[in-house]
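**Q** The residues making up each chain are set out below.
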Amino acid sequence: MAPLLPEPERYRAQVAALQCALDAGDAAAFRRAFDALSEQMDVGLLPELKRLTATAQSALARFSAEARLDALAGHEVPDARKRLTHVVKLTDEAAHRTMDLVDGCVPLVDEAARGSALLLEAWDAYGDRGLAIASLWPERAAMFLERTRADSEALRANLSELLMAQGYQDITGQIIRSVIALVDELEKVLGKLVRIAEGNEVTTMVRSLPAQPGWERGLGPQVAGLESADAVSGQDDIDALLSQMAAGK
Amino acid sequence: MSTVKFLVVDDFSTMRRIVKNLLQELGYNDITEADDGNTALPLLKAGAFDVLITDWNMPGMPGIDLLKAVRADAKLAKLPVLMLTAEAKREQIVEAVQAGASGYVIKPFTATTLKEKLDKMLAARAAA
Numbered sequence: 010m011a012p013l014l015p016e017p018e019r020y021r022a023q024v025a026a027l028q029c030a031l032d033a034g035d036a037a038a039f040r041r042a043f044d045a046l047s048e049q050m051d052v053g054l055l056p057e058l059k060r061l062t063a064t065a066q067s068a069l070a071r072f073s074a075e076a077r078l079d080a081l082a083g084h085e086v087p088d089a090r091k092r093l094t095h096v097v098k099l100t101d102e103a104a105h106r107t108m109d110l111v112d113g114c115v116p117l118v119d120e121a122a123r124g125s126a127l128l129l130e131a132w133d134a135y136g137d138r139g140l141a142i143a144s145l146w147p148e149r150a151a152m153f154l155e156r157t158r159a160d161s162e163a164l165r166a167n168l169s170e171l172l173m174a175q176g177y178q179d180i181t182g183q184i185i186r187s188v189i190a191l192v193d194e195l196e197k198v199l200g201k202l203v204r205i206a207e208g209n210e211v212t213t214m215v216r217s218l219p220a221q222p223g224w225e226r227g228l229g230p231q232v233a234g235l236e237s238a239d240a241v242s243g244q245d246d247i248d249a250l251l252s253q254m255a256a257g258k
Numbered sequence: 443m444s445t446v447k448f449l450v451v452d453d454f455s456t457m458r459r460i461v462k463n464l465l466q467e468l469g470y471n472d473i474t475e476a477d478d479g480n481t482a483l484p485l486l487k488a489g490a491f492d493v494l495i496t497d498w499n500m501p502g503m504p505g506i507d508l509l510k511a512v513r514a515d516a517k518l519a520k521l522p523v524l525m526l527t528a529e530a531k532r533e534q535i536v537e538a539v540q541a542g543a544s545g546y547v548i549k550p551f552t553a554t555t556l557k558e559k560l561d562k563m564l565a566a567r568a569a570a
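Just so you know, the sequences run in chain order A and B.
The first sequence begins at 10 in this note's numbering and counts up one residue at a time.
The second sequence begins at 443 in this note's numbering and counts up one residue at a time.
Hints listed in this document are in silico derivations from the structure and should not be mistaken for laboratory results.
In this text, a Cβ means the ideal position worked out from N, Cα and C, and glycines have one as well.
One should not assume that every hint holds.
To be verified - From chain B, some residues computed to sit far from chain A (all C-beta separations above 12 angstroms):
(1) Arg513
(2) Met525
(3) Ile548
(4) Pro550
(5) Phe551
Unchecked claim - List of simulated lysine-lysine pairs, DSSO-like, C-alpha gap at most 27 angstroms:
(6) B:Lys447 to B:Lys517
(7) B:Lys462 to A:Lys91
(8) B:Lys447 to B:Lys462
(9) B:Lys562 to B:Lys531
(10) B:Lys557 to B:Lys531
(11) B:Lys531 to A:Lys98
As the list claims (entries may be wrong) - Far from chain B by the CB rule (all over 10 angstroms, computed), these chain A residues:
(12) Gln66
(13) Ala68
(14) His105
(15) Pro116
(16) Val118
(17) Ala121
(18) Gly136
(19) Ile189
Make a model of the complete structure from these sequences and hints.
**A** This is the structure:
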């Protein structure tokens, strides 16, 4: 490509053609000359315009990436730390609750085993089953059955509680997923900044960063120290809110 | 009572198992599971379910959208829907009730709470 002439000189031919067409009153020729001039001007401006756009885009990309990184580093990473601390607390509580319940089951089962062993032993000690029945054995057997029935109910209750204690997996799972999403975003923003610094992202369009998700998709469980000001404190609070709403209808 | 047909929707299989187990303890044995709104909705449209228990925060279609889709469907409009979720913002609870939730139980929950809300919903359904 030939070096560009200085700006006014560059347009001499088109201006002359314009003047000529104007003098001759030739509308079609004037239009052609005008188009040629405007095309010539575009060609001159285009590289400059491209360069400016790229600089602006790069600055914008950098700005939005840095602003996001700032928010991530300033709030969301410390929040993530609290979330994970909360996960540790919940898993710790669930593990202890589970072990306490197991501890509660062990003596119940041991007692049933011990009691039935004693009864069997006594049963076998009487050579004659008729003698056993005439002895204290039936009374002891009745006591044993009574106790085993009560213990089995306690055992059943513990098993239900053990089941409920596993609910921690859902709660902690939701919290961990939110932290995974954060780490994922952090990686993307850092990668973007690196690419901008290396000059590899100069001409890419600024990708609008995703808006923070609203509560419609769900926010996950409340985390100690990060409770939303607008959150209920528990089931009683919800029940009160619901009856309030029902009364207001 | 054992003929009540349940659909339990939660993305965590542990939670589905807990709810299923509790329902069985209460004497309900007809329980189907789904892991989000997108899998639940065709099941609901195809099968004659009596109660829907759904989580809110799920990948794919969240519970609130499932609830709205259920209420928008003439055949499902009257289905009792219990939200069983960790979502705790008042705004969300109000939204769920306005969208037609029949009950709202917050996680972590107790077996007693679930039973109480289910009994209430089933009684309302029987009275309707």
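**Q** Is Lys531 (chain B) close enough to Lys98 (chain A), meaning Cα to Cα at most 27 angstroms?
**A** Status holds; Cα separation ~22 angstroms.
**Q** For Arg513 (chain B), is the shortest beta carbon distance to chain A beyond 12 angstroms?
**A** Nearest chain A Cβ is 16 angstroms from Arg513 (chain B), so the label holds.
**Q** Please check whether the beta-carbon of Ile548 (chain B) is more than 12 angstroms away from every beta-carbon in chain A.
**A** violated (5 angstroms)
**Q** Would Met525 (chain B) pass as off the interface with chain A, using Cβ distances and a cut of 12 angstroms?
**A** violated (10 angstroms)
**Q** Hey, is Phe551 (chain B) genuinely clear of chain A, shortest beta carbon separation above 12 angstroms?
**A** violated (7 angstroms)
**Q** Against the 27 angstroms threshold, does the CA-CA distance of Lys447 (chain B) and Lys517 (chain B) hold or violate the hint?
**A** holds (16 angstroms)
**Q** With 10 angstroms as the threshold, tell me whether Val118 (chain A) passes as away from chain B on beta-carbon distances.
**A** Check passes; 20 angstroms lies beyond 10 angstroms.
**Q** Going by Cβ atoms, does Pro550 (chain B) stay more than 12 angstroms from chain A at every point?
**A** violated (5 angstroms)
**Q** If we take the beta carbon of His105 (chain A), is the closest beta carbon in chain B still more than 10 angstroms away?
**A** Holds, since 15 angstroms exceeds 10 angstroms.
**Q** Would the non-interface assignment of Gln66 (chain A) survive a Cβ cutoff of 10 angstroms against chain B?
**A** Consistent with the label, Gln66 (chain A) stays out of reach of chain B, its closest Cβ about 33 angstroms off (over 10 angstroms).
**Q** Quick check for students: does the CB of Ala68 (chain A) sit more than 10 angstroms from each CB in chain B?
**A** At roughly 36 angstroms from the nearest Cβ of chain B, Ala68 (chain A) sits farther out than 10 angstroms, so the non-interface label holds.
**Q** Hint check: Lys462 (chain B) vs Lys91 (chain A), CA-CA at most 27 angstroms. Holds or violated?
**A** Given that 27 angstroms is the threshold and the Cα spacing comes to 32 angstroms, the pair is violated.
The structure is inconsistent with the numbered hints 2, 3, 4, 5, 7, although it conforms to all the rest.
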